[in-house]
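Which chain is which? The protein sequence lines are H, S, C and E, in order.
Note that the working numbering has the first sequence beginning at 1, numbered continuously upward.
Note that the working numbering has the second sequence beginning at 1, numbered continuously upward.
Note that the working numbering has the third sequence beginning at 1, numbered continuously upward.
Note that the working numbering has the fourth sequence beginning at 1, numbered continuously upward.
To be clear, the hints were calculated from the coordinates, so they are not data collected in a lab.
Don't take each hint at face value.
Which copy is meant is left open, because identical chains are indistinguishable; a pair holds if it fits in one copy or across any two.
As the list claims (entries may be wrong) - Mimicking EDC-like on lysine to aspartate or glutamate, the simulated pairs with C-alpha atoms at most 20 Å apart in a straight line are:
no.	residue 1	residue 2
1	117	100
2	105	61
3	117	30
4	105	28
5	117	99
6	117	32
7	117	97
8	105	95
9	105	20
Note that the structure is predicted; figures quoted are calculated from it, not measured.
There are 4 protein chains.
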Amino acid sequence: MTVADDPKPRALVDVAGLREAIAQFARERDWEPFHSPKNLAMALTGEVGELVELFQWLTEDASREVARDAVTARRVRDEMADVLIYLVRLAAVLEVDLDDAVRSKLAANARRYPIEKARGNANKATQP
Amino acid sequence: MTVADDPKPRALVDVAGLREAIAQFARERDWEPFHSPKNLAMALTGEVGELVELFQWLTEDASREVARDAVTARRVRDEMADVLIYLVRLAAVLEVDLDDAVRSKLAANARRYPIEKARGNANKATQP
Amino acid sequence: MTVADDPKPRALVDVAGLREAIAQFARERDWEPFHSPKNLAMALTGEVGELVELFQWLTEDASREVARDAVTARRVRDEMADVLIYLVRLAAVLEVDLDDAVRSKLAANARRYPIEKARGNANKATQP
Amino acid sequence: MTVADDPKPRALVDVAGLREAIAQFARERDWEPFHSPKNLAMALTGEVGELVELFQWLTEDASREVARDAVTARRVRDEMADVLIYLVRLAAVLEVDLDDAVRSKLAANARRYPIEKARGNANKATQP
């Protein structure tokens with residue numbers, strides 16, 4: 001492929017494959033009626049809750065080493081997958097383009113947290 | 001397409017562009033020390049909470065129509081972007097390959113929810 | 001008891017018994033070092049996530065009938081207890097008086113949502 | 001105090017006052033139809049998310065000192081009040097007795113985490 005073929009910048013996010021895989025999975029099981037945005041937002045919450053539980057009693061340093069234990073590493077990976085699956089499903093149902101959404105949000109963040117002002121500063125006023 | 005053209009299966013998820021954009025954003029602001037997995041899991045929670053708030057008083061049907069109001073549509077899109085940004089950042093910090101993670105989880109879900117058994121059934125025992 | 005003995009209005013919230021029970025439970029197990037506000041806020045998240053999962057695929061009407069199934073009723077009750085336990089523990093660690101806190105918040109809500117304006121209205125602008 | 005004075009054990013949790021205050025608040029605004037368990041569980045999520053955001057970039061030690069800043073202390077207190085308000089409302093709607101619920105859960109926790117085994121141990125297998 002050449003620049004002439006594709007002048008568009010590379011996507012920051014491409015989840016088309018996952019979106020299709022989930023859509024097929026839900027269709028085959030007649031789960032589409034359950035996948036209202038309201039329900040999917042709740043499901044997302046539940047999965048994030050399970051992810052957070054893996055870190056809740058760890059120090060920050062220990063949380064950085066969480067992958068050293070194979071069982072925990074697997075659980076973290078699985079919960080992150082669940083979060084992404086429900087997020088991509090929610091985006092599909094709402095027809096949200098996640099690549100557009102993150103581009104727009106990163107641009108807004110760049111305006112909101114100028115480098116000089118935000119450097120090394122985790123105050124709520126200066127960090128998302 | 002033939003195997004000769006593309007021996008590798010297409011990725012379900014490609015967030016390399018976003019991962020790099022966030023890494024640069026954090027590096028420029030010296031935010032890396034704040035981005036422990038523990039903290040990022042908390043940040044993910046906060047963003048999901050903001051997303052859920054947009055749906056909490058809506059009926060399921062109204063949640064399907066949420067994009068009709070431009071202001072709400074924009075808020076939903078922004079919150080979904082925030083969730084994805086923190087999830088991708090967490091994956092980067094933990095060196096989790098999200099494409100691998102969702103492939104593995106989708107395969108596990110297919111085993112856990114066989115089509116015939118799961119069809120149209122939202123019982124906890126038969127749906128994630 | 002007479003007004004002269006106790007001019008103070010009855011508490012809206014009295015969780016002193018639970019607060020003591022949890023403190024003893026944590027002390028006996030040397031868990032106090034784990035109970036930083038940061039960790040407890042995460043634990044609270046995890047428990048709320050488990051509670052939400054019980055409702056995520058239910059219609060609103062079905063969620064009202066959730067207690068009809070004894071197993072689900074028990075799970076709901078247990079998750080609500082976990083949420084309350086971590087909330088009360090967090091309040092204890094931070095020395096927050098929950099009775100004061102809810103009085104102050106209810107008063108603020110009454111100012112924010114005047115009856116005539118808020119009646120039957122679940123718009124974000126008019127409902128917490 | 002003797003059995004004759006008080007044959008009933010003191011409640012661990014008494015939120016009857018708050019329950020009545022919220023019921024009146026909702027009734028006056030015709031908000032009862034919005035207060036399905038499903039919606040209230042979502043609202044609880046949103047409030048916990050706001051609480052977590054106050055701690056997400058803090059170290060554990062800094063989270064212990066969060067009350068030193070008056071503005072943050074107030075926000076923490078308000079978010080904790082919101083969590084308790086929605087939890088008590090959910091319990092009322094579902095007719096869950098929170099005092100019973102925490103007694104039962106504390107007893108289960110005591111069996112699950114025997115003192116000798118759990119002491120100083122925050123492994124997931126030995127701590128809630």
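Hint check:
1. 117 x 100: neither (26 Å within a copy, 37 Å between copies)
2. 105 x 61: Neither: 29 Å inside a copy, 27 Å across copies.
3. 117 x 30: For residue 117 and residue 30, only the inter-copy Cα distance (11 Å) is at most 20 Å; the intra-copy one is 51 Å.
4. 105 x 28: Classified as between: cross-chain Cα gap 17 Å, same-chain 34 Å, threshold 20 Å.
5. 117 x 99: neither (27 Å within a copy, 35 Å between copies)
6. 117 x 32: between (46 Å within a copy, 16 Å between copies)
7. 117 x 97: Classified as neither: same-chain Cα gap 31 Å, cross-chain 33 Å, threshold 20 Å.
8. 105 x 95: So residue 105 and residue 95 pass the 20 Å test inside one copy only (17 Å; across, 23 Å).
9. 105 x 20: between (25 Å within a copy, 15 Å between copies)
Going through the hint list in order, the structure does not satisfy hints 1, 2, 5 and 7.
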